[in-house]
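There are 2 protein chains.
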Amino acid sequence: METMIYNDPRQRIGANYIEGEGVQIRLWAPLKDDVRIIWNDGVPEPLARDDEGYYTGFFPAAKPGDRYIFTEGENRFADPASRYQPEGSFSPSAVVPQAFAWSDKDWRGIPFSEWVIYEIHVGTFSETCDFKGVIADLPRLKDLGITTLEIMPVSQFSGCGNWGYDGVFPHAVQNSYGGPDGFKALIDAAHAQGMAVILDVVYNHIGPEGNTLFACAPYTQTKYKTPWGDALNYDGEHSHHVRRYFLQSVWQWLTEYHLDGLRLDAVQTIFDTSAIPFLEELSALKAEAKKMRKQSLILIAETDANDSRILAPISQNGFGLDAQWADDLHHALHAILTGERNGYYEDYGDLAQLARIYERGVAFEGQISPFRHRHHGRSYEGVDKKRLIVESQNHDQVGNRMKGERLSMLVEEQKLKLAAACILLSPFTPFIFMGEEFTCRKPFLYFTSHSDEKLNEAMRKSRAEEWKSFGWDEEPPDPSDTETFNQCILSDGDRAEGAEMQAYYKELIALSKTLRKSSCSVSYQEKQNCIVLKYPEVNKIVVLNFSDKEEEVELAYPIPPFSARVFDGAGL
Amino acid sequence: METMIYNDPRQRIGANYIEGEGVQIRLWAPLKDDVRIIWNDGVPEPLARDDEGYYTGFFPAAKPGDRYIFTEGENRFADPASRYQPEGSFSPSAVVPQAFAWSDKDWRGIPFSEWVIYEIHVGTFSETCDFKGVIADLPRLKDLGITTLEIMPVSQFSGCGNWGYDGVFPHAVQNSYGGPDGFKALIDAAHAQGMAVILDVVYNHIGPEGNTLFACAPYTQTKYKTPWGDALNYDGEHSHHVRRYFLQSVWQWLTEYHLDGLRLDAVQTIFDTSAIPFLEELSALKAEAKKMRKQSLILIAETDANDSRILAPISQNGFGLDAQWADDLHHALHAILTGERNGYYEDYGDLAQLARIYERGVAFEGQISPFRHRHHGRSYEGVDKKRLIVESQNHDQVGNRMKGERLSMLVEEQKLKLAAACILLSPFTPFIFMGEEFTCRKPFLYFTSHSDEKLNEAMRKSRAEEWKSFGWDEEPPDPSDTETFNQCILSDGDRAEGAEMQAYYKELIALSKTLRKSSCSVSYQEKQNCIVLKYPEVNKIVVLNFSDKEEEVELAYPIPPFSARVFDGAGL
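Top line first, the protein sequences correspond to chains A and B.
Counting with this note's numbering, you get residues 1 to 572 for the letters of the first sequence.
Counting with this note's numbering, you get residues 1 to 572 for the letters of the second sequence.
Please note that a few of the clues may not be correct.
[What the hints assert, rightly or not] With a straight-line cut-off of 25 Å between C-alpha atoms, the simulated SDA-like cross-links for lysine to any residue are: (1) Lys-291(B) - Gly-366(A); (2) Lys-223(A) - Glu-21(B); (3) Lys-286(A) - Glu-365(B).
Source of the hints: derived by calculation from the structure; they are not laboratory data.
Start from the sequences, fold in the hints, and give me the full structure.
As structure tokens, then:
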């Protein structure tokens with residue numbers, strides 16, 4: 001099993017420190033000639049090159065904290081497998097110590113069936129814009145009932161203000177957030193509070209600025225096109241080296257960072273038609289992981305494909321992942337609550353459809369999607385609903401709007417509470433976007449911090465076009481303007497203002513953990529515009545009233561307009 | 001279930017004659033404006049256009065045999081769903097009668113486990129270059145023991161001399177071969193002899209000359225690249241119409257032509273990452289087919305992907321196809337017998353590997369392929385070996401060589417006999433390429449008959465480059481030269497010359513049917529260069545001796561060099 005090489009610092013790519021011996025360097029760069037290494041502004045030193053294009057060298061004097069950069073003639077470039085870029089994307093890489101004073105040796109994770117996920121963008125979560133700001137807020141999140149922090153991508157990107165999907169060093173942790181030690185400190189602190197941490201990882205493309213990979217080796221291929229250009233090379237010639245590069249990063253997050261799971265960004269753009277797809281190979285790592293640390297590594301796919309094969313076990317030709325995002329519920333709920341029907345909301349807005357989503361897990365299981373102009377999805381029969389992650393807001397659904405409006409900026413408070421209940425009292429695994437629990441009314445905008453003005457201009461143009469297709473044709477905010485980023489930063493004041501909503505969320509979260517111990521049956525009360533969820537094993541009935549007036553459903557209790565009520569289900 | 005529309009002549013695309021009522025026309029052409037139809041050189045008549053871009057009309061006076069062509073302004077184009085192009089690709093289409101005087105009403109097919117497949121290129125199989133020439137030879141094939149004719153593609157292509165993979169009217173039958181009635185006559189005659197007929201169908205691309213599809217509708221997309229350019233659109237916008245187009249052709253072959261199965265050309269180039277891939281949808285037609293005619297429709301994939309998911313049932317997330325080509329056996333055998341190691345033969349040539357293929361079905365189940373520079377394949381554990389189709393020659397393996405040499409032109413007769421035994425005495429489903437059974441020594445060259453000289457020049461260049469990559473840098477034959485085609489035509493004289501080899505094949509074919517009633521265990525006798533196949537339930541032992549000298553293996557009988565012997569296995 002190849003994972004073993006990820007445990008062997010002499011086999012791993014990047015700079016690997018071996019206590020008391022020195023640093024092993026291994027770089028895959030078959031497209032480069034005569035690569036040398038410069039340590040701490042010294043002179044170029046030679047590396048050996050093997051038949052597969054790996055450049056290697058062992059440096060007994062090198063140690064953690066030392067900086068290095070590669071050269072090819074006059075050209076200098078940072079390590080594609082860099083673990084740390086202390087001065088940003090364009091500067092030398094640094095050797096990172098493997099050692100960290102972990103205090104979580106008794107940590108065994110939280111059963112996935114109890115998860116309540118909370119999504120955090122580190123840069124805007126606090127006024128310090130870093131991991132420390134997250135650590136400071138952990139007691140509040142713990143009190144709220146959050147079990148799992150989902151951290152938006154932290155791999156090194158260019159500048160300080162980026163969602164993280166423009167990362168160019170997948171093995172590194174963003175310097176402005178606090179680097180590797182800062183991230184480890186956050187994970188350790190969360191574990192100490194009894195919370196799990198998962199990381200959003202981007203294995204479908206490499207960001208546009210500061211990318212040193214593509215000049216080194218065939219990381220891409222021309223057979224498939226993604227929204228970002230040529231697809232990463234997971235099934236072409238030399239793809240086993242590309243896979244090794246990303247799988248080593250998975251192994252790193254697991255072993256060096258003690259992460260509880262990974263959220264795999266937009267897996268529908270990981271094109272791979274080979275007989276053992278990358279996602280399956282990744283999923284097979286879970287067995288190795290379990291052996292090593294007696295805790296499951298939870299793998300979650302972000303996908304818009306409604307393809308249940310993602311969740312099917314490898315033995316049944318699935319990808320064997322644990323869970324997936326299931327955005328149909330979001331879209332249906334958003335369309336109903338806001339009345340919006342532009343863009344992909346065209347396919348949603350009907351309450352009967354929302355009821356079917358509670359029943360089936362997704363809206364499209366092979367039907368024609370009018371928005372997509374094609375068949376969409378596959379049957380979800382038999383899929384455990386807890387393996388579907390649902391939300392009423394997330395960074396994409398909020399941030400891909402031109403004005404980055406949270407739901408709180410679109411509908412009244414009554415509907416916000418109904419939306420929260422639709423997620424937290426559902427049979428699915430609930431997901432909360434940072435700030436929604438305190439009715440934050442700051443936008444979450446699309447922002448970047450590239451240094452290349454041409455790139456910024458291209459970005460502005462493509463965003464403006466996307467927004468226009470949604471019918472939004474006002475002057476759009478400039479993603480590269482620091483003010484765009486600054487507007488999104490959450491403050492302690494914001495948190496304090498939303499105390500009442502937080503109390504409501506706390507109550508729902510507690511209920512959520514109870515409800516999910518039961519099976520769930522769904523009924524749609526068309527006349528009353530209500531959806532009724534029955535949880536027989538815990539004797540609870542949830543009524544979601546989407547009517548603009550008070551309704552009575554089955555039970556003799558009236559339900560106020562746009563609200564949810566939970567009844568004791570004795571006598572069900 | 002959408003298949004029902006293929007049974008309804010008013011819903012089907014193309015020209016559909018309804019007995020005593022007239023002809024329904026339906027054309028999918030959303031990219032065209034104001035399409036009209038001209039009947040029998042008359043004046044343009046209007047068609048109605050619906051929201052999805054279907055142009056329709058009903059013509060009470062029209063009848064089978066009538067010619068029609070579409071117009072858009074000055075531009076004329078044949079029906080992309082034409083059933084017949086009596087004067088070739090560039091001329092009007094013709095209405096085809098549904099009726100045919102079938103005599104096969106008691107035909108129920110042959111169990112797949114007994115199949116011995118014989119591949120025929122209609123154009124070069126006989127001196128008449130048509131279906132009649134095949135019909136004339138059926139008694140000989142029947143006597144040989146052939147159960148199933150595999151007909152290379154017959155969909156209308158440009159000119160008269162083409163392998164068939166340049167077809168541009170997937171619903172039509174090549175005029176020079178005898179058109180729809182000629183093909184039906186062949187199938188009916190084969191069924192009368194007790195032989196099944198399957199057709200090689202090309203659903204991965206449309207040929208380069210005479211293609212009227214792409215100007216009518218989004219049959220392609222830009223997301224994936226195939227060796228022929230943009231991939232067909234099986235998962236993009238409007239792909240359900242593209243699927244309908246090809247699925248209707250499947251349904252036609254099944255219902256109007258009484259075919260027993262289809263061989264799907266190079267399925268690894270059918271790119272489709274949607275949640276219900278086209279191949280799965282195609283495979284689901286089998287259940288409908290079985291209901292309708294009480295006989296299985298056998299679906300066979302040609303694939304080089306070693307991806308056993310093709311054979312896995314739909315319920316286990318496979319594609320649910322019945323069988324696949326498994327070329328590893330060919331490549332291993334060819335490399336061993338010829339000593340060739342160029343091109344993909346680089347990965348083969350080791351006898352232990354050939355033994356493993358007998359054991360596992362394929363050589364690569366996930367290992368790195370040196371030729372492919374990547375992981376290749378997936379486990380075939382548990383796959384019934386009869387679902388793998390093997391051959392020592394086929395149109396590709398012979399015809400993609402620069403000089404089109406059959407194995408008979410590369411090795412001595414002794415080795416030819418061993419090769420035949422390796423296929424026919426294997427646990428797999430055997431496949432014979434027309435002519436190998438009479439030691440034909442005429443080449444099977446790559447030939448085309450396009451009228452566009454620029455296209456011919458491009459073809460010459462690309463072929464020459466391909467051949468150069470195999471180390472063949474002589475002056476290559478010109479695919480577009482009629483003489484290239486003529487050289488490949490098999491004559492009665494050729495058949496008569498190979499009488500002794502035919503007797504040998506006849507014996508092996510009879511044995512093949514016996515052996516496949518048993519399980520098979522494999523042992524590799526390294527010292528003797530022999531592979532031993534034991535068939536315990538029918539008490540037979542097959543010894544394949546690859547040594548250049550006589551060898552004794554297990555049994556006390558000596559096996560001559562390069563030969564196969566079959567022993568009665570009493571006492572196994």
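Status of the hints after comparison with the structure:
The suggested pairing of Lys-291(B) with Gly-366(A) holds, with an alpha-carbon distance near 23 Å, which does not exceed 25 Å. Our distance criterion of 25 Å between C-alpha atoms is broken by Lys-223(A) and Glu-21(B), whose separation comes to about 49 Å. Among the hinted pairs, Lys-286(A) with Glu-365(B) is consistent with the structure: their alpha-carbon atoms are about 21 Å apart, no more than 25 Å.
The structure shown violates just one earlier hint, number 2.
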